[in-house]
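Participant: Using the working numbering, the letters of the sequence shown map in sequence onto residues 1 to 193.
Don't read these hints as lab results, they were simulated from the structure.
Do not rely on the hints blindly, as some may be mistaken.
[What the hints assert, rightly or not] Result set (BS3-like, lysine-lysine): computed pairs, CA atoms no more than 27 Å apart in a straight line:
| id | residue 1 | residue 2 |
| --- | --- | --- |
| 1 | Lys78 | Lys90 |
| 2 | Lys90 | Lys111 |
| 3 | Lys88 | Lys78 |
| 4 | Lys184 | Lys78 |
| 5 | Lys75 | Lys176 |
| 6 | Lys75 | Lys87 |
| 7 | Lys184 | Lys111 |
| 8 | Lys111 | Lys79 |
| 9 | Lys87 | Lys111 |
| 10 | Lys75 | Lys90 |
| 11 | Lys88 | Lys75 |
| 12 | Lys79 | Lys90 |
| 13 | Lys176 | Lys79 |
| 14 | Lys78 | Lys111 |
| 15 | Lys88 | Lys111 |
[Claimed, not checked] Here are the simulated distance ranges between beta carbons:
| id | residue 1 | residue 2 | range |
| --- | --- | --- | --- |
| 16 | Gly186 | Gln10 | 31 to 39 Å |
| 17 | Ala65 | His154 | 38 to 46 Å |
| 18 | Asp68 | Lys176 | 37 to 45 Å |
| 19 | Ile64 | Lys184 | 17 to 25 Å |
| 20 | Ile64 | Gly186 | 36 to 44 Å |
Just so we're clear, the structure is a prediction, and the values are computed from it rather than from any experiment.
Even for Gly, the Cβ is constructed at its ideal location relative to N, Cα and C.
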Amino acid sequence: MPAPYQSVYQLNITLEYTDPAISRQVLVPDTITLARLHQVIQIAMGWFNGHLHHFIHQRSFYGIADPDFGLDETKDEKKYRLYQLLKKEKDSLLYEYDFGDSWRHILTLEKIFPPADNLQLPTCLAAVGACPPEDVGGIPGFYDFLEAMADPEHLEHESYREWLGEEYDPQHCDLKAINARLAKLGGKKGGKR
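Throw the hints in and build the complete structure from the sequences for me.
Facilitator: Following this line, the structure appears as structure tokens:
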């Protein structure tokens, strides 16, 4: 049974160095573990969870400790809850996904609400911009990809289309699909910590 919660956090998740910004606005319980928050971010952004990740807050790393990757100093994300790191509005932390491509997301606590009956958590309130394709090469590779995909005459247009295997609209983001996936993740309604 998930831990009850005291507050609802409205978070803004923005993928760094994107212009226009790729972002999501989500509601989560303040007691969400960082491990569960990782799953929420993966779903909300549209990632496939195929790479390592960590959270960074005040020079501490939270994630899955893995000495083979130099992550033995990493604190166990299953043991930390969001309210332990973000305490007031405008507090923030960094979430990095895929250490090769280095997708860095700034998570900012926008608002704190009291619990509400029948509020399904987590939920995504707003979504702007499509998630970059996995393994595209980080921000530089993403912008090369966008340039090639926008121009059918570009030398790499056809190879990118073949590599991706589907159409890509940088503006498309399906909020309804995101929330359907978040609902499957499971959540909670109302409660006290």
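Participant: If a hint holds in the structure, say so; if it does not, say that too.
Facilitator: Hints versus structure:
no., hint, in the structure
1, Lys78 with Lys90, "holds, 24 Å"
2, Lys90 with Lys111, "holds, 8 Å"
3, Lys88 with Lys78, "holds, 22 Å"
4, Lys184 with Lys78, "holds, 20 Å"
5, Lys75 with Lys176, "violated, 34 Å"
6, Lys75 with Lys87, "holds, 19 Å"
7, Lys184 with Lys111, "holds, 25 Å"
8, Lys111 with Lys79, "holds, 24 Å"
9, Lys87 with Lys111, "holds, 11 Å"
10, Lys75 with Lys90, "holds, 23 Å"
11, Lys88 with Lys75, "holds, 22 Å"
12, Lys79 with Lys90, "holds, 23 Å"
13, Lys176 with Lys79, "violated, 31 Å"
14, Lys78 with Lys111, "holds, 24 Å"
15, Lys88 with Lys111, "holds, 8 Å"
16, Gly186 with Gln10: 31 to 39 Å, "violated, 20 Å"
17, Ala65 with His154: 38 to 46 Å, "holds, 43 Å"
18, Asp68 with Lys176: 37 to 45 Å, "holds, 40 Å"
19, Ile64 with Lys184: 17 to 25 Å, "holds, 22 Å"
20, Ile64 with Gly186: 36 to 44 Å, "violated, 20 Å"
When held up to the earlier numbered hints, the structure conflicts with 5, 13, 16, 20 and fits the remainder.
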